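**Student:** Using the sequences and the hints, build the whole thing.
Protein chains in written order, with our numbering: chain A, 1 to 235; chain B, 1 to 386; chain C, 1 to 326.
Since the hints were derived computationally from the structure, they do not count as laboratory data. Only a predicted model underlies this, so the values are computations on that prediction, with no experimental measurement involved. We put the CB at the ideal spot given by N, CA and C, even for glycine. Treat each hint with caution, since some may be false.
Said to hold, decoys possible - In silico lysine-lysine, BS3-like type, Cα no more than 30 Å apart, as pairs: (1) K7(B) with K83(A); (2) K79(A) with K377(B); (3) K83(A) with K377(B); (4) K81(A) with K377(B); (5) K374(B) with K83(A); (6) K81(A) with K374(B); (7) K374(B) with K79(A); (8) K81(A) with K7(B).
What the hints assert, rightly or not - Here are some, though not all, of the chain B residues that point toward chain C, as calculated from beta-carbon distances under 10 Å: (9) T31; (10) G82; (11) V83; (12) R130; (13) R222; (14) M322; (15) L327; (16) W337; (17) L352.
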Amino acid sequence: MGTATVAVECRGVRKTYDGSGQQVVALRGIDLDIHAGELMMLVGPSGCGKTTLISVIAGILDQDEGLCRVFGHDLLHMKDKDKLRFRAANIGFVFQTYNLLPSLTAAENVSIPMILNGISRQKAQRRAVEVLERVGLAERTGSLPSELSGGQQQRVAIARALVHGPKLIVCDEPTSALDHETGHRVMDLLKQVALDEDRALVIVTHDARIFEFADCIAQMDDGQVVKVVRSSGQS
Amino acid sequence: MNYIALKMLMGDRGKYLGIVMGLTFASLIMTQQPAIFVGLMMRSYSFVTDVGLPDIWVMDPKVQFVDDIKPLQDTKLFRVRGVSGVDWAMPMYKGMIKARLADGTFQTCNVIGLDDATLIGGPPVMLEGRLEDLRRADSVIVDIDGARDKLARPSKDPAGKPVPLKVGDTLELNDRRAVVVGIAKTTRTFQSQPVVYTTYSRATLYAPRERKLLSFVLVKARPGQEVHALTRRIRETTGLAAYTQAEFEELTVNYFLKNTGIPINFGMSVTLGFIVGAAIAGQTFYNFTLENIRQFGVLKAMGAGNGTLLGMILLQATLVGMVGYGLGVGLTSLFGWSMRNTILAFKFPWQLLVFSGLGVTLICVFSALLSIRKVIKLEPAIVFKG
Amino acid sequence: MLPKATLPILAVAGFLFGVYSVVTGNQPPPVAPAVVEPARPPFASYIAGAGIVEARSRNIGIGTPLPGLVKSVEVKVGDRVEAGAVLFRLDDREPLAELEIRRADLLKAQAGVAEAEASLTDANTLLALADAVADERAISAEDIKRRRNAVLIAKARLETAHAQVRQAEAQLAAVQTTLDRMVVRAPIRGEVLQVNVRLGEYATTGFLSTPLVIMGDMDRLHVRVDIDENDAWRFRKDGKAYGYLRGNSQLGTELKLAYVEPYIVPKRSLTGDSTERVDTRVLQVLYSFDPAALPVFVGQQMDVFIEAPEYTGSTPNPQPGEGGGG
Chain A
1 MGTATVAVEC
11 RGVRKTYDGS
21 GQQVVALRGI
31 DLDIHAGELM
41 MLVGPSGCGK
51 TTLISVIAGI
61 LDQDEGLCRV
71 FGHDLLHMKD
81 KDKLRFRAAN
91 IGFVFQTYNL
101 LPSLTAAENV
111 SIPMILNGIS
121 RQKAQRRAVE
131 VLERVGLAER
141 TGSLPSELSG
151 GQQQRVAIAR
161 ALVHGPKLIV
171 CDEPTSALDH
181 ETGHRVMDLL
191 KQVALDEDRA
201 LVIVTHDARI
211 FEFADCIAQM
221 DDGQVVKVVR
231 SSGQS
Chain B
1 MNYIALKMLM
11 GDRGKYLGIV
21 MGLTFASLIM
31 TQQPAIFVGL
41 MMRSYSFVTD
51 VGLPDIWVMD
61 PKVQFVDDIK
71 PLQDTKLFRV
81 RGVSGVDWAM
91 PMYKGMIKAR
101 LADGTFQTCN
111 VIGLDDATLI
121 GGPPVMLEGR
131 LEDLRRADSV
141 IVDIDGARDK
151 LARPSKDPAG
161 KPVPLKVGDT
171 LELNDRRAVV
181 VGIAKTTRTF
191 QSQPVVYTTY
201 SRATLYAPRE
211 RKLLSFVLVK
221 ARPGQEVHAL
231 TRRIRETTGL
241 AAYTQAEFEE
251 LTVNYFLKNT
261 GIPINFGMSV
271 TLGFIVGAAI
281 AGQTFYNFTL
291 ENIRQFGVLK
301 AMGAGNGTLL
311 GMILLQATLV
321 GMVGYGLGVG
331 LTSLFGWSMR
341 NTILAFKFPW
351 QLLVFSGLGV
361 TLICVFSALL
371 SIRKVIKLEP
381 AIVFKG
Chain C
1 MLPKATLPIL
11 AVAGFLFGVY
21 SVVTGNQPPP
31 VAPAVVEPAR
41 PPFASYIAGA
51 GIVEARSRNI
61 GIGTPLPGLV
71 KSVEVKVGDR
81 VEAGAVLFRL
91 DDREPLAELE
101 IRRADLLKAQ
111 AGVAEAEASL
121 TDANTLLALA
131 DAVADERAIS
141 AEDIKRRRNA
151 VLIAKARLET
161 AHAQVRQAEA
171 QLAAVQTTLD
181 RMVVRAPIRG
191 EVLQVNVRLG
201 EYATTGFLST
211 PLVIMGDMDR
221 LHVRVDIDEN
231 DAWRFRKDGK
241 AYGYLRGNSQ
251 LGTELKLAYV
261 EPYIVPKRSL
271 TGDSTERVDT
281 RVLQVLYSFD
291 PAALPVFVGQ
301 QMDVFIEAPE
311 YTGSTPNPQP
321 GEGGGG
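**Tutor:** Shown next, in the form of structure tokens:
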């Protein structure tokens with residue numbers, strides 16, 4: 001597997017939080033590769049550092065030590081401005097609580113990443129409607145998040161995560177607020193729509209019901225990756 | 001992103017209305033209260049403003065404000081008239097004289113005696129009759145507010161409204177007959193006494209016996225004569241106090257500011273309005289930001305920079321500020337408009353628009369700063385926390 | 001279009017309304033113009049004073065030498081009269097009656113003279129008869145003496161009768177003087193300004209606050225100008241002066257100095273009140289002008305401006321009248 005297909009490359013990533021008076025070590029040297037076209041799940045008990053790790057990977061948290069390259073870019077040593085632009089262009093986010101802007105319609109929510117990338121509102125709106133159609137919400141483009149069910153909201157969130165064509169999509173517990181069936185449908189959608197040849201998906205979860213969707217599962221505990229299991233066909 | 005910022009703000013209807021209402025309230029208090037205050041203060045010297053013709057008022061040096069009459073000797077008029085640069089100088093009597101009304105009650109009136117020949121210093125607007133009618137025997141002109149209210153004769157029907165004083169009615173001023181020959185419109189004064197205009201010599205007859213009767217000498221500067229130089233010359237040569245119209249108004253206002261509790265009262269109202277408005281608006285706006293902090297975090301994670309977010313917050317603050325300001329100013333104007341025919345003192349100078357604008361801006365900047373601080377310090381990583 | 005534009009639109013409307021109220025609410029109040037233009041001084045530096053017009057002779061309040069009821073008034077207000085013209089007459093019935101008595105007295109006295117003369121003639125005749133008798137026996141010496149005495153007595157009686165005539169004549173003249181005094185005449189040539197006496201009224205003697213008749217010489221009028229004592233030092237006799245009528249500043253005339261009353265008097269304010277308030281002392285200066293120049297009446301007030309040096313001339317000129325203005 002060539003370097004071009006390695007989407008994320010972590011080497012010895014360490015992170016310590018300064019919590020009131022005492023230091024909390026979140027990451028104790030992570031070595032992890034995520035390949036393009038791969039759906040990677042990070043699993044592990046609460047507080048094992050999963051969230052910290054994806055924050056570092058997504059470029060919204062700086063690690064203390066170690067190297068983390070995302071598509072060959074070292075985010076740690078990137079200027080703030082470039083990092084923002086990189087994030088805006090290359091990373092999509094899906095959250096456990098959807099985090100849709102409550103005053104904006106589904107289409108408007110979806111268009112935000114494109115507006116952040118400097119695309120005009122009209123254009124972004126049109127594209128957002130297309131993407132919403134792809135996630136099966138063609139009829140709900142004008143609905144406010146409060147008018148949508150949890151699964152629909154998460155589908156809007158997925159549409160938002162991939163509308164601008166990012167290379168990496170970071171998902172934080174995308175199904176834990178959903179019932180089993182809806183969760184499955186969301187995972188189906190992620191697998192079908194989001195994952196393609198040169199895009200990587202990182203999903204933090206401890207929802208064992210969806211492990212079956214993973215190409216690769218990295219198990220974490222106490223700030224370290226304890227086991228990486230790749231499904232068949234992978235080395 | 002501006003569109004998103006506005007939608008974010010207006011989408012949250014309750015908060016949006018709360019912020020706007022806070023700012024509207026602040027803006028209302030900061031314009032309406034000072035407007036009443038300014039109106040009251042302007043009433044203290046409205047008489048001077050009404051007598052618009054002369055440039056300079058000459059009076060005893062110890063006079064503190066317009067109603068503080070310290071009469072002069074009659075010959076001072078001619079001494080003032082003899083100062084070079086004086087185009088004309090006219091006598092004016094101003095004093096409180098008791099009028100006996102038809103029902104036998106007494107009412108203190110502000111009697112103004114105008115120069116017999118020129119009648120300079122007369123009321124600005126004549127509603128009935130002409131100023132020249134003062135040349136008729138025993139004639140006086142009464143202001144409309146006094147005629148309608150304090151000088152009105154009681155109705156025959158005990159429950160009925162009093163009958164306003166009309167042209168042709170008579171009054172008794174200090175036991176002397178006075179015939180109303182005109183009704184004038186004057187700006188209300190602070191004491192709101194009825195104003196009775198008559199000629200100078202008749203006023204001296206109405207006035208209680210005093211050795212000196214000349215209240216003011218009204219002076220017009222010659223064309224091309226610098227007014228301040230003339231006041232200085234009048235002061236030097238006659239030993240009297242000479243003020244330009246503006247100076248005399250200022251003297252009167254300062255007296256009221258210094259010697260009455262009015263400015264403190266209104267100052268406190270305005271300050272309270274500002275504080276309450278600032279508290280409501282600032283608090284709600286900050287709350288709004290706090291509530292949306294997660295959304296800001298999401299935006300930050302998705303690649304919105306601090307500049308973008310700052311712009312959004314400033315835009316939101318500007319919008320609520322302008323809306324609140326406009327509504328407040330509008331409400332104040334509406335208030336003033338609906339009160340225009342009452343005795344309420346209300347004056348809305350442009351400075352108040354600026355003042356309240358600055359006040360609202362201050363509140364918005366303060367609120368925005370709180371929010372901006374929060375958003376700038378915001379770590380986007382919070383988006384992953386449950 | 002932004003969502004929910006209601007509030008912003010209301011706000012804009014409110015602000016515009018605010019601007020409108022500011023604009024309309026702050027118009028300066030209208031200013032009452034002077035009913036007539038005030039008199040403006042024609043000089044750069046001057047003394048201002050109020051003057052009152054009077055006749056050149058001053059205004060003469062005519063009195064009566066005798067009190068009495070007015071029988072007739074011979075003049076009207078405005079009549080031009082020569083010196084000595086009758087102004088009014090008092091009731092003269094009593095002196096007229098007296099005149100008749102005195103006339104009768106005179107006639108009686110004159111009759112007494114004739115009687116005395118006749119007595120004298122009689123006595124002389126008797127004496128002459130006696131003297132003509134040569135015989136001393138025919139007439140006694142005593143008789144002759146008596147006759148001589150009778151002549152002397154008759155002569156004395158004639159003298160008395162003459163004296164009585166003169167007395168009666170003098171008494172007649174006295175009554176006629178009284179009669180004459182009951183006719184009040186103009187002391188000078190001039191115009192009758194005021195007649196305060198009417199037929200049947202009782203005219204009293206003495207100083208009256210309203211004189212019976214006021215007259216004056218109206219060929220030229222004087223205006224008596226009060227100058228505040230504080231300004232008196234600035235007065236120059238050669239300063240030009242202009243006077244303007246109250247009520248119409250267009251009506252003005254140049255004034256010629258007539259004389260200065262060198263005695264500073266307490267100012268009477270010109271309100272006409274009987275209990276004038278004395279508040280300062282004034283120098284009174286009289287200027288004359290041609291009455292044809294102005295439609296002016298005696299007693300009218302004028303605004304007078306007299307050319308004078310500046311206040312700031314620092315050292316006052318010690319000789320009023322010499323200064324050429326400063």
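**Student:** Each hint needs a verdict: does it hold in this structure or not?
**Tutor:** Status of each hint after checking the structure:
At most 30 Å may separate the alpha-carbon atoms for a hinted pair to count; K7(B) and K83(A) meet this at roughly 27 Å. For the given pair, K79(A) sits about 18 Å from K377(B) by alpha-carbon distance, which is consistent with the 30 Å threshold. Simply put, K83(A) and K377(B) have alpha-carbon atoms about 17 Å apart, close enough for the 30 Å limit, and the pair holds. Of the supplied pair hints, the one linking K81(A) and K377(B) holds, its CA atoms being roughly 16 Å apart against a limit of 30 Å.
At most 30 Å may separate the alpha-carbon atoms for a hinted pair to count; K374(B) and K83(A) meet this at roughly 21 Å. About 20 Å separates the Cα atoms of K81(A) and K374(B), which keeps this hinted pair within 30 Å; it holds. At most 30 Å may separate the alpha-carbon atoms for a hinted pair to count; K374(B) and K79(A) meet this at roughly 22 Å. Pair hint K81(A) plus K7(B) holds up; C-alpha atoms about 26 Å apart against a cutoff of 30 Å.
For T31(B), the shortest C-beta to C-beta distance to chain C is roughly 8 Å, which falls under 10 Å, so the interface hint holds. Hint status for G82(B): holds, given a least beta-carbon distance of 4 Å to chain C, under 10 Å. Restraint check, V83(B) versus chain C: the minimum CB separation of about 7 Å is within 10 Å; hint holds. Restraint check, R130(B) versus chain C: the minimum CB separation of about 9 Å is within 10 Å; hint holds.
Because the beta carbon of R222(B) sits about 8 Å from the nearest beta carbon in chain C, less than 10 Å, this interface hint is met. Taken as an interface hint, M322(B) checks out: its beta carbon lies about 6 Å from the nearest beta carbon of chain C, inside 10 Å. Annotation: L327(B) was flagged as interfacial toward chain C, and the flag holds, the nearest CB pair being 5 Å apart, inside 10 Å. This hint holds: W337(B) has a C-beta 6 Å from the nearest C-beta of chain C, less than the 10 Å allowed.
Hint status for L352(B): holds, given a least beta-carbon distance of 8 Å to chain C, under 10 Å.
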